[in-house]
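With chain A held as given, fit chain B onto it using these hints.
Protein chains: 2
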Amino acid sequence: MSTLKGACIIGQSGGPTAVINASVYGAVKTALESSDITSVLGAAHGIKGVLDDVLYDMGKEDPEELRLLLNTPSSALGSCRYKLKDPDEDESEYVRILEVFKKYNVRYFFYNGGNDSMDTCSKISRFMAKKGYECRVMGIPKTIDNDLANTDHCPGFGSAAKYIATSLMEIYKDSVVYDIGTITVVETMGRHAGWLAGSAGLASWFGCGPDLIYLPERVFDIDKFLSNVKELYDKNGKVLVVASEGIKDAEGVFISEYGSKGKGYVDSFGHTQLGGLAAILANIIKEKTGAKVRGIELSLLQRCAAHIASQTDINEAFLAGETAVTAALSGQTGKMVAFERETINGEYKCKTKLIPLEDVANIEKKVPLDWINPEGNGVTNEFIDYVLPLIQGEPDRRLENSLPRFAKLKKIKV
Amino acid sequence: MSTLKGACIIGQSGGPTAVINASVYGAVKTALESSDITSVLGAAHGIKGVLDDVLYDMGKEDPEELRLLLNTPSSALGSCRYKLKDPDEDESEYVRILEVFKKYNVRYFFYNGGNDSMDTCSKISRFMAKKGYECRVMGIPKTIDNDLANTDHCPGFGSAAKYIATSLMEIYKDSVVYDIGTITVVETMGRHAGWLAGSAGLASWFGCGPDLIYLPERVFDIDKFLSNVKELYDKNGKVLVVASEGIKDAEGVFISEYGSKGKGYVDSFGHTQLGGLAAILANIIKEKTGAKVRGIELSLLQRCAAHIASQTDINEAFLAGETAVTAALSGQTGKMVAFERETINGEYKCKTKLIPLEDVANIEKKVPLDWINPEGNGVTNEFIDYVLPLIQGEPDRRLENSLPRFAKLKKIKV
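For the record, the sequence lines run as chains A and B.
In this text, residue positions in the first sequence follow this note's numbering: the first is 6, and each later residue adds one.
In this text, residue positions in the second sequence follow this note's numbering: the first is 6, and each later residue adds one.
For reference, chain A alone in the conformation it holds in the complex (with noise of 0.2 Å):
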């Protein structure tokens, strides 16, 4: 172990979850109580609080607020969509970090984001080295769409998981319960990868979910699944669709564009459509079939529905910025702390592992095709048994009358 002392900072980036400030807990509570780090701040906004020298001290934050972070969804320190100019080309905001982190002696860097945050670490990392500043950059990995490289899965992806197939039973039970014909297209997130949509896929394996799941891995073809819904809408009077929000047709156009893109697909008033997926799909099959449709985006509800996490997902999520503190406080740096899955008796656990940034930035992971089924409209059984394990276990939640008692920080200024 090379001891290395000095103030640390951690930030959390993109698009929030029900569990990134578990990740951060992880790596507050183990940095308090570290004494090679001396003081531990928080960057207001991500790397844009480090830029403008927007730093809480976390160290005057109260114990039990701090903890209540295991439960209290979206980014508790703020996050921002920033993306750092290539050093190559312009480091005049590398140069403003640097000088930030002199002035409060920062040795320890602690990045809470997706693709882009690693990217973010892995040249903050570089550029660190390149000037000779000794600071360990560490990424904790989060996000809802589970599309990072070279991890077994991602914080914040069981909880959301959890969350839609909940919703999808719940969903299922209410659509089917009138005895005129009905039709449901249920959208949820995933631009690139299908993680989300294959995850209603558990409420279809307990006998209460969608008839059909298209993923945006595979090729929408909208005549196909026009059929398959007609098909079904006759044989049984009721079709429960989930769709993620970045399928594509076979010329790479999201379906969620066709209104604005001119794709022909107008209603009966000649109205193109706008709107999210859900309603384009939704008016497309009312126009094709007549039938009841009812669309129904998920929205931001699966991303912040701490009230409905996965117990798994938090431990792993406080694990993960926990380990990202002792890993430097080892002399680890431009690593992001990444999970490997072991079955043990069938039993399944979740250890750490380390691997450099650079095999995580900008990279995305999809879904295995041979995870979806042949005929593209739903998920294996190999699905199932990667997404299952990771939704388990209630939140042990604080309740005020019934209602979530989120963390309150103080956020001091330094």
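Don't take each hint at face value.
Identical chains blur together in the list; that is why a pair holds if it fits in one copy or across any two.
In the SDA-like style, the derived pairs of lysine to any residue whose C-alpha atoms are separated by at most 25 Å in a straight line are [stated by the list, open to error]: (1) K235 with F211; (2) K413 with E399; (3) K65 with A134; (4) K356 with E94; (5) K370 with D121; (6) K291 with E262; (7) K243 with G257; (8) K34 with N110; (9) K235 with E139; (10) K415 with V181; (11) K293 with E38; (12) K90 with K358; (13) K293 with E262; (14) K416 with N241; (15) K240 with T338; (16) K53 with L237; (17) K370 with D157; (18) K413 with G242; (19) K356 with G64; (20) K65 with F211; (21) K253 with R299; (22) K293 with G281; (23) K415 with Y99; (24) K243 with G281; (25) K297 with G281; (26) K297 with D121; (27) K293 with G242; (28) K297 with E262; (29) K135 with R196.
Since the hints were made in silico from the structure, they are not lab data.
Just chain B now, kept in the frame of chain A:
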């Protein structure tokens, strides 16, 4: 107590709720335990199951599966939206109902639904009396809309209110995460009454909720709305709005119909706005402010989210079903079970009472105007005090693999 021996029929009608099956369980369990009730029949899809003679023998169900109805959302027996004709104009349907009642010696009829269902109950009750056929008819209330008259509140509302408040707290956390401006518009159900939209006020009361709440009880002034939104946006950079689907302008036009009614709100492409209220308001705000706006429709989830039901609501729904049966056994007929609130030493208690069906049928109870703030964009403390006791307690759900294990009924036809 006047003894009446015979079969009973239990039916469900109207839109489902998270706890409607708890009422059926209360009624079925109590009926099965009665020595006067010779068989307990469930009507498939409400009154349609009676007309079509599709009745299930509830005595053949596994008691544990029946118990799981406490946490199974949506109408387990199937629902309908079927309005019986006026018996003074055409009594053929009532003659048919009487025929089926006679076939099984049905002497008790329990109907679980909202306004229209109480109308159905009332008509059947009067017809049977006119024909001299002794049959005790009891209404069991349910509706997430909470709009039944002469009862403090309705089973189903508390759970929907809890879902809305919890989701709004989570959406609030998500919507404030970036340091760029965002406006979020959330649409709740409630065509004529604002109980559901107003429940979002619980989230605000807890410091994590909407800035503006619009109920259909007050005229919606779109210019005032836009000026409220703009003012908050300029001040805070974030605005969270909740609106009931039923808000109308001064001319009585639903805002949700502004697209099809050609009220002139078109986007920059010249498209009129399709989609629900959230999409329409979001587009109007976007056009007028240029801000990043997101519309979220809570959709079916607010009425079927059994996973976040209120245990108080579940208990009361059961109580309503149980009371209907015990009251009928004791000789009552033509009544609906209603709730009366007692607050003893600050503690909420719910008592049942019986009210004539005619006092409920076709009447809508709205939010008192003085429970809405003078600006017409929020609720008062009276509203919060009213709704808070109704959302209390976490549901004791049976889970399998961390997903809900709903009741599986055999539905054996008699």
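Results for each hint:
no., hint, verdict
1, K235 with F211, "within (24 Å within a copy, 46 Å between copies)"
2, K413 with E399, "both (22 Å within a copy, 23 Å between copies)"
3, K65 with A134, "neither (31 Å within a copy, 74 Å between copies)"
4, K356 with E94, "neither (38 Å within a copy, 73 Å between copies)"
5, K370 with D121, "within (14 Å within a copy, 52 Å between copies)"
6, K291 with E262, "both (18 Å within a copy, 18 Å between copies)"
7, K243 with G257, "neither (30 Å within a copy, 35 Å between copies)"
8, K34 with N110, "within (20 Å within a copy, 69 Å between copies)"
9, K235 with E139, "neither (63 Å within a copy, 47 Å between copies)"
10, K415 with V181, "between (48 Å within a copy, 16 Å between copies)"
11, K293 with E38, "neither (63 Å within a copy, 51 Å between copies)"
12, K90 with K358, "neither (29 Å within a copy, 70 Å between copies)"
13, K293 with E262, "both (19 Å within a copy, 23 Å between copies)"
14, K416 with N241, "between (55 Å within a copy, 18 Å between copies)"
15, K240 with T338, "neither (58 Å within a copy, 42 Å between copies)"
16, K53 with L237, "between (51 Å within a copy, 24 Å between copies)"
17, K370 with D157, "within (10 Å within a copy, 53 Å between copies)"
18, K413 with G242, "between (49 Å within a copy, 20 Å between copies)"
19, K356 with G64, "neither (29 Å within a copy, 51 Å between copies)"
20, K65 with F211, "between (47 Å within a copy, 24 Å between copies)"
21, K253 with R299, "both (21 Å within a copy, 23 Å between copies)"
22, K293 with G281, "both (19 Å within a copy, 21 Å between copies)"
23, K415 with Y99, "neither (29 Å within a copy, 67 Å between copies)"
24, K243 with G281, "both (22 Å within a copy, 22 Å between copies)"
25, K297 with G281, "both (18 Å within a copy, 15 Å between copies)"
26, K297 with D121, "between (41 Å within a copy, 21 Å between copies)"
27, K293 with G242, "within (15 Å within a copy, 42 Å between copies)"
28, K297 with E262, "both (23 Å within a copy, 18 Å between copies)"
29, K135 with R196, "neither (36 Å within a copy, 63 Å between copies)"
Violated hints, listed in ascending order, are 3, 4, 7, 9, 11, 12, 15, 19, 23, 29; each of the other numbered hints is respected by the structure.
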